[in-house]
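K.L.:
Single-letter residue listing:
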Amino acid sequence: MNTSTTRKLNGSNHLPLGDQRNAPFYGKDILSVKQFIRDDLTYIYEVAHEMREMVARIGTFDLLKGKILANLFYEPSTRTSSSFTAAMERLGGSVIPINEVRYSSVSKGESLPDTVRTLECYADVIVLRHPEVGASALAAKYARKPIINAGDGVGEHPTQALLDLFTILEEIGDAEGLTVTMLGDLKNGRTVHSLSRLLSLFHAKLNFVSPAVLEMPAEIVSELADKGIHQHAYTDLDPVIADTDPVIADTDVLYVTRVQKERFASEAEYDEVKNLYVITPETLKQAKKKMIVMHPLPRVGEISLEVDEDPRAAYFRQMEYGLYTRMALLAMVLGKA
Amino acid sequence: MNTSTTRKLNGSNHLPLGDQRNAPFYGKDILSVKQFIRDDLTYIYEVAHEMREMVARIGTFDLLKGKILANLFYEPSTRTSSSFTAAMERLGGSVIPINEVRYSSVSKGESLPDTVRTLECYADVIVLRHPEVGASALAAKYARKPIINAGDGVGEHPTQALLDLFTILEEIGDAEGLTVTMLGDLKNGRTVHSLSRLLSLFHAKLNFVSPAVLEMPAEIVSELADKGIHQHAYTDLDPVIADTDPVIADTDVLYVTRVQKERFASEAEYDEVKNLYVITPETLKQAKKKMIVMHPLPRVGEISLEVDEDPRAAYFRQMEYGLYTRMALLAMVLGKA
Amino acid sequence: MNTSTTRKLNGSNHLPLGDQRNAPFYGKDILSVKQFIRDDLTYIYEVAHEMREMVARIGTFDLLKGKILANLFYEPSTRTSSSFTAAMERLGGSVIPINEVRYSSVSKGESLPDTVRTLECYADVIVLRHPEVGASALAAKYARKPIINAGDGVGEHPTQALLDLFTILEEIGDAEGLTVTMLGDLKNGRTVHSLSRLLSLFHAKLNFVSPAVLEMPAEIVSELADKGIHQHAYTDLDPVIADTDPVIADTDVLYVTRVQKERFASEAEYDEVKNLYVITPETLKQAKKKMIVMHPLPRVGEISLEVDEDPRAAYFRQMEYGLYTRMALLAMVLGKA
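Chains as they are written, first to last, in the working numbering: chain A, 143 to 479; chain B, 143 to 479; chain C, 143 to 479.
If we strip away everything but chain A, and leave its shape as in the complex, we get:
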């Protein structure tokens, strides 16, 4: 390992990628969006932006050559798992895929602390997806190597929130004071909870559009209110209120999530509202020219296929920003950025 100097990539204002043992995230765990202050985000996104440029320029490079990631998934998530695998491989590192935990000896009663203490004998960093809230924090308590939380039940999924914010920053240029409208199931969607928290650091104005039974939890509304965040709740993107524009007209970022039939008391209740939460070209007619539509994917009908052609449809680009964000986090916790 080269311990002497950092590498200037092209002599100008690029971040130095290379040995950064004194960098703030070296050896750290990534467990929750709550751990970040705004300066942390600035740093992460500078590195992520650098990763974007490097991938555009050369595709893959050897910043993490020789490093090994254990990709430990107790529940399947092809998207997240593939994204971390690609991130590690684009940095020249290797991956130990552990996707089939439910069938394996790991699941035969072995405790999570024992499993991570075994895997850290083989790997340099562990990405963990687990169905139970708090699993990543538990793993991190026992592990010597960095743990990156890739989703723990209804708890946190910090890398999703980080990539969501990175998408906004790269697409719009700044998150300061933006109007962000979150739509769909705001009660159960951990992505909108985490993103709300991150956006509060940028004084965003938040619109919450959801059926009454799926509204943003009071606990989060209260937490955001304490930080002075403007919040408005609606049950319809186009509420009939005298002398007001529809919600969509002021929106800089429309963040769509899935509304699942199972969440409603009856099918009739679901049928009554479902069409209010489907985005079509018609919906976007009232929107700004410069705004974006996001979705954590997979979508199942919440955004009609015709919207894909609209340049404001950012959800596939969002996947790509996820790659750069995860490349940045891996490089940072391994002391290379």
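If you are wondering where the hints come from, they were derived from the structure by calculation, not from laboratory data.
Mixed in with the good hints, there may be bad ones.
Label pairs and their computed distance ranges (CB to CB) [as the list claims (entries may be wrong)]:
id : chain 1 : residue 1 : chain 2 : residue 2 : range
1  : B       : Asp450    : C       : Asn164    : 49 to 55 Å
2  : B       : Lys207    : C       : Tyr168    : 43 to 49 Å
3  : A       : Ala367    : C       : Lys427    : 55 to 61 Å
4  : C       : Val442    : A       : Lys207    : 34 to 40 Å
5  : A       : Glu448    : B       : Asp450    : 35 to 41 Å
6  : A       : Asn330    : C       : Arg405    : 53 to 59 Å
Cβ atoms here follow ideal geometry from the backbone N, Cα and C, with glycine treated the same way.
Keeping the supplied structure of chain A fixed, place chains B and C upon it in accordance with the hints.
P.N.:
For chains B and C alone, kept in the frame of chain A given last:
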């Protein structure tokens, strides 16, 4: 990435491997054998032969270093999946394995177009195995990155057909005018359908040996007849016809496929014919000294184990030709051959 | 491939890693601990120790760059599979993971010999885990490439035994004449059977502590007796025998295995003895200051969590020695050590 010149490998008549952005397959999809004219095949097999020599000489090399393959298998196929993985790794590239789609969020109702548009954010090329006919063409319609069809239901499996023909070319030297006998289930076997089409470009004579209920579909027979291909159908490798040799005597390539009991109306009907479609050392006594026996594998009794010792048994070598063929295709669609 | 000379790593007493085509294990299978004489073990452990130092110094290196391992697991074993994957990746090689055999075409009746003859077309070495005794020997009979047995049913798991002994050597310095106490299910535990055989080469004294129904098989006791090994059997770590110390007092290595409830005729019978086979800090109060506690993992309660803090708890370090042992074996059978 080196964009300046191509690399001459050893100064003589070897193909230049290296940047070939103007090459005919750069960025293309590999969806069906029907897309190839004979010149295409010549090109593919020159590259595949070069791959064979490179592997023999140095095992692995860095032609696709930094490139990432998403190996997307909606149904399990260890053989095909492993072959593509090895092909990518022998070229210095990396693989994102996605084998357990049925258990994953990808399968929770997400459409194939959305899945491939996500994966192409991470990978440079996608190999797709899917149970539905036309899946690869659908994926290719939406994807910006090349799609390689690794089998779509009863539809096509073009890389299998290409490796089958490559086996014939490397083992026999030329396919022009050969007598190729296909044996077994010719009705349901997509490998024999695709190979027949490829062989028609080389004016092969085709013998079809199968139970009546499993004969080559009329549609394919008719398509081949239109191209002027000589075809003969039999129900027995050794038909009792006055003054004629058994079919095997003239055969240059015997292509064996499995006859499954389930295809017959009754077990009695199956028992009556099953032994006609098992190849033994006895079968080969009547065959030429210079001919080959092929099988797409896995076999379950269609070729007796004693045949493995016969130098004409080419079915394991066929697997190896599959590696070279897939290396060639990956390099070509990624602009490196 | 460099064929000219071996590489001296640092000029002193380190083993030369590099081309070792004349080395005794080049091209060999690793099937059983019975195949090793003491000189073999010395050689393996010199290489494994070298691997330990290399990993400590540089993490990963390119001794097996370009080599491909087919990791063929017919039954899940995350621990062993991950360990081999990491070993190959730390040596710069690549892995074809084949974990889901039960769902794949490989399992549709194809014979193991056919499967390995296919995989060796793609890979340079095959690691095989299979539920049937003798599977590895069968695979090795047909394969041209080296087979490493990663466990075949109740048969052998030689790399586990080798890493167990390596742990003892690295932790204690020498195995000659040590007192090794094996505890738990000694009847069904293949790890204790294999380790006993290896320890017999070092004139170890063996204590067997187990419930009567789970004692060491007579066949192994007799085999060890023939070699002049001192053996003592107990049903309790702290037997009430006049004028004797508890077994633990003389123990240099305490090797713990799991006692499963299902092995007993009744739950009452199990409840009666279960606490005798759980290691606690109390147990270790009577032990030497310089001794180690081992366990093949996963553990499910056989060693209390408080013991983890004790420096004598060697079971997680044991996992790490597994990595070095497997790196050594891979390098050796591929002619690089």
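K.L.:
Run every hint past the structure and note whether it holds.
P.N.:
Now for the hints, and whether the structure bears them out:
1. In this structure the hint that aspartate 450 of chain B and asparagine 164 of chain C lie 49 to 55 Å apart at CB is violated, the actual value being about 31 Å.
2. For lysine 207 of chain B and tyrosine 168 of chain C, the Cβ-Cβ distance of about 28 Å falls outside the hinted range of 43 to 49 Å, so the restraint is violated.
3. Distance hint check: the CB atoms of alanine 367 of chain A and lysine 427 of chain C are about 56 Å apart, consistent with the given range 55 to 61 Å.
4. In this structure the hint that valine 442 of chain C and lysine 207 of chain A lie 34 to 40 Å apart at CB holds, the actual value being about 38 Å.
5. Roughly 57 Å separates the CB atoms of glutamate 448 of chain A and aspartate 450 of chain B, a value that falls outside the hinted 35 to 41 Å.
6. Take asparagine 330 of chain A and arginine 405 of chain C: their Cβ atoms lie about 44 Å apart, and the range 53 to 59 Å is violated.
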